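Protein chains in written order, with our numbering: chain A, 422 to 676; chain B, 3 to 336.
Mixed in with the good hints there might be a few duds.
[Claimed, not checked] Listed next, the in silico DSS-like pairs over lysine-lysine satisfying Cα-Cα at most 30 angstroms (straight line): (1) A:Lys476 - B:Lys15; (2) A:Lys490 - A:Lys449; (3) A:Lys449 - A:Lys476; (4) A:Lys449 - A:Lys646; (5) A:Lys490 - B:Lys15; (6) B:Lys15 - A:Lys449; (7) A:Lys490 - A:Lys476.
I should point out that these hints are in silico values taken from the structure, not numbers from a laboratory.
Note that the structure is a prediction, hence the values are computed from the model and not measured.
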Amino acid sequence: MSGLLEIANLELSYGRRMVLRSVTFNAKPGEFLALVGVNGAGKSTILDIIAGFRKPASGSVAIAGRDQKAWSLRELAQRVSHLPQTVHSDLPYTTEQLVAMGRYPHTDRWFESDEDHRFIRQAMERTRCWDYRHRNFASLSGGERQRVLLAACLAQNASILLLDEPSTFLDIDQQLHCFNVLREEAEAGKLCIAVTHDLNLALTHCTRLIILADGVVAHDVAASKAHENDDWLRFFSSRLRIGHPPSGTPRIWYQ
Amino acid sequence: MTAPAQISRAAGKGLILPIFVFVAAAILLPWVGAGPISLSRAFHREAPDYGILVQLRITRTLLALVAGGALSLAGALFQAMLRDALATPYTLGISAGASLGAVTVIAAGWQMVWGVPATWIGALAGAFAVLILVIGGFSNRRLSAFTLLLTGIAINSVCAACIIILGGFAGMSRSFSIARWLIGSVDSTSYSSLAVLSVVVLVLATLIMAQARSWNLLAVGEQWAASRGVKVPALLRTGYIAGSVLVGGAIALTGPIGFVGLIVPHLVRSRISPDHRILLPSVFFFGGALLAGCDALGRIVLPPAEIPAGAVLALIGGPYLVWAIRQRTPPEGM
Numbered sequence: 422m423s424g425l426l427e428i429a430n431l432e433l434s435y436g437r438r439m440v441l442r443s444v445t446f447n448a449k450p451g452e453f454l455a456l457v458g459v460n461g462a463g464k465s466t467i468l469d470i471i472a473g474f475r476k477p478a479s480g481s482v483a484i485a486g487r488d489q490k491a492w493s494l495r496e497l498a499q500r501v502s503h504l505p506q507t508v509h510s511d512l513p514y515t516t517e518q519l520v521a522m523g524r525y526p527h528t529d530r531w532f533e534s535d536e537d538h539r540f541i542r543q544a545m546e547r548t549r550c551w552d553y554r555h556r557n558f559a560s561l562s563g564g565e566r567q568r569v570l571l572a573a574c575l576a577q578n579a580s581i582l583l584l585d586e587p588s589t590f591l592d593i594d595q596q597l598h599c600f601n602v603l604r605e606e607a608e609a610g611k612l613c614i615a616v617t618h619d620l621n622l623a624l625t626h627c628t629r630l631i632i633l634a635d636g637v638v639a640h641d642v643a644a645s646k647a648h649e650n651d652d653w654l655r656f657f658s659s660r661l662r663i664g665h666p667p668s669g670t671p672r673i674w675y676q
Numbered sequence: 003m004t005a006p007a008q009i010s011r012a013a014g015k016g017l018i019l020p021i022f023v024f025v026a027a028a029i030l031l032p033w034v035g036a037g038p039i040s041l042s043r044a045f046h047r048e049a050p051d052y053g054i055l056v057q058l059r060i061t062r063t064l065l066a067l068v069a070g071g072a073l074s075l076a077g078a079l080f081q082a083m084l085r086d087a088l089a090t091p092y093t094l095g096i097s098a099g100a101s102l103g104a105v106t107v108i109a110a111g112w113q114m115v116w117g118v119p120a121t122w123i124g125a126l127a128g129a130f131a132v133l134i135l136v137i138g139g140f141s142n143r144r145l146s147a148f149t150l151l152l153t154g155i156a157i158n159s160v161c162a163a164c165i166i167i168l169g170g171f172a173g174m175s176r177s178f179s180i181a182r183w184l185i186g187s188v189d190s191t192s193y194s195s196l197a198v199l200s201v202v203v204l205v206l207a208t209l210i211m212a213q214a215r216s217w218n219l220l221a222v223g224e225q226w227a228a229s230r231g232v233k234v235p236a237l238l239r240t241g242y243i244a245g246s247v248l249v250g251g252a253i254a255l256t257g258p259i260g261f262v263g264l265i266v267p268h269l270v271r272s273r274i275s276p277d278h279r280i281l282l283p284s285v286f287f288f289g290g291a292l293l294a295g296c297d298a299l300g301r302i303v304l305p306p307a308e309i310p311a312g313a314v315l316a317l318i319g320g321p322y323l324v325w326a327i328r329q330r331t332p333p334e335g336m
């Protein structure tokens, strides 16, 4: 199989609660997946497993055709980057220092090279945080921080981007911009997987929606065809309706 | 001018001041003291100036430089591992363990064991006992900063209680020397002890500084570091062991001197750089100079009495800590 990411039969419990029963899906370069589901459906857990933070009780993850366990931590970091929901650090790093950490897996040099600096600057300009590169990260607002963390992920230049609720803390314009950037990454040949609660943002920007429920992939629908069968909506709320406006992609509204 | 050149130049600049201060302290501070030393008499090896300078002042200054550097470096290390700018080996209970070990030795009246000062063995044993207790107790669970801090509080109180009990059993003169030791002071020591401490500190400091890039990532978060390729468990193990030996080794010769591991990293982070590639060496040099400076200050303020360096540092450090806590940026949305 030529999939960049192949996930098969993932199973994981927290104590006695089975979060993932058997999760299976594949993804190719160029796709932008939205991982959606109600709270506690195991969305972030799946990202954690792909990133290597958590081991599943059973099942397998293959990245670029090779079992995840066969990659070294560093090789994995060159291929997979993870955007956390937030970071808690008390230490006064500047925004630019934080983004520069994305280059860690790519070099053994003591200080960053010119090439590293190109990646850092490009990533920061794309997420619009270059202007405050000298500011202390701890002094930023939630939205500003989120853009810095996203820049750090882009600077890592991995082929798989895992994003745990990338649009939290962002205002509407920034949410659209963030998802636009991710879509551009996908169009440039990366694979983006975002956990989100915003179904319309997912429908307008992602290529595929993976709906998690009861520990399995309940539905796996292409964003452009999401309105053809609205079975998947009932996993969220009985009040949701979906339609297809004359132009653009399917939209959801509630009654 | 290319960006990396700029950065290495900035790094060079960042290190010039700390190195200068360290060297200046090493050269100038031995001459500071209750009685004046004549330069020419010292050079001609005439008593008592030569003896005071070489046997007392120089060893004392060198000990303060090495121990202060080690304690500051350990402070910066624990702050990175616990992701808290105000954490120190004291917060973890490692200093308390080292103190208890050394006090046990003093109370028992042991002087030398296998040719090394017995307090040394006691302090290192105490530091490691606490380390094994803390790490071992959590071996099958995740080591979180928060649980470590709470464990540290518990260990601190238990060690403090044991020290008081030991003090009660020890005779009058021993309990006095325990009390004096607990304040922490820099006393002249033998060149052989100094050499052993210096070698240990040098090796560990090199080991720690070689991982500077990894400490940067770990200081942001364990997952943050892991998802960028840092082997977090191995790094934490290195950090805890190296930090404990630094603390145990320094404390054995000086007593539990606080605050140097807090003030110096805190100041360097905000004034020079929070980047561990620059922070760690700077902290080592400034820490040594600060402790040596405090010791020299304690020698001259109330002659012929000497104020222990630990007391001088506490007088400066206490108010500084309060100030630093008030300066803290409140976390967003909490």
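Taking 30 angstroms as the top limit, are the C-alpha atoms of Lys449 (chain A) and Lys646 (chain A) close enough?
-> holds (18 angstroms)
Pair hint Lys15 (chain B) and Lys449 (chain A), alpha-carbon separation not exceeding 30 angstroms | Status violated; Cα separation ~48 angstroms.
Between Lys449 (chain A) and Lys476 (chain A), is the straight-line Cα distance small enough, at 30 angstroms or below?
-> holds (23 angstroms)
Under the criterion that the straight-line Cα-Cα distance not exceed 30 angstroms, is the pair Lys490 (chain A), Lys476 (chain A) satisfied?
-> holds (10 angstroms)
Hint consistency between Lys490 (chain A) and Lys449 (chain A) [alpha-carbon to alpha-carbon, up to 30 angstroms] = Holds: Lys490 (chain A) and Lys449 (chain A) sit about 20 angstroms apart, inside 30 angstroms.
Does Lys490 (chain A) pair with Lys15 (chain B) here, judged by a C-alpha cut-off of 30 angstroms?
-> Distance ~43 angstroms between Lys490 (chain A) and Lys15 (chain B) Cα, so the pair is violated.
Would you check the hint for Lys476 (chain A) and Lys15 (chain B), treating anything up to 30 angstroms between C-alpha atoms as holding?
-> The hint is violated at about 45 angstroms.
Violated hints, listed in ascending order, are 1, 5 and 6; each of the other numbered hints is respected by the structure.
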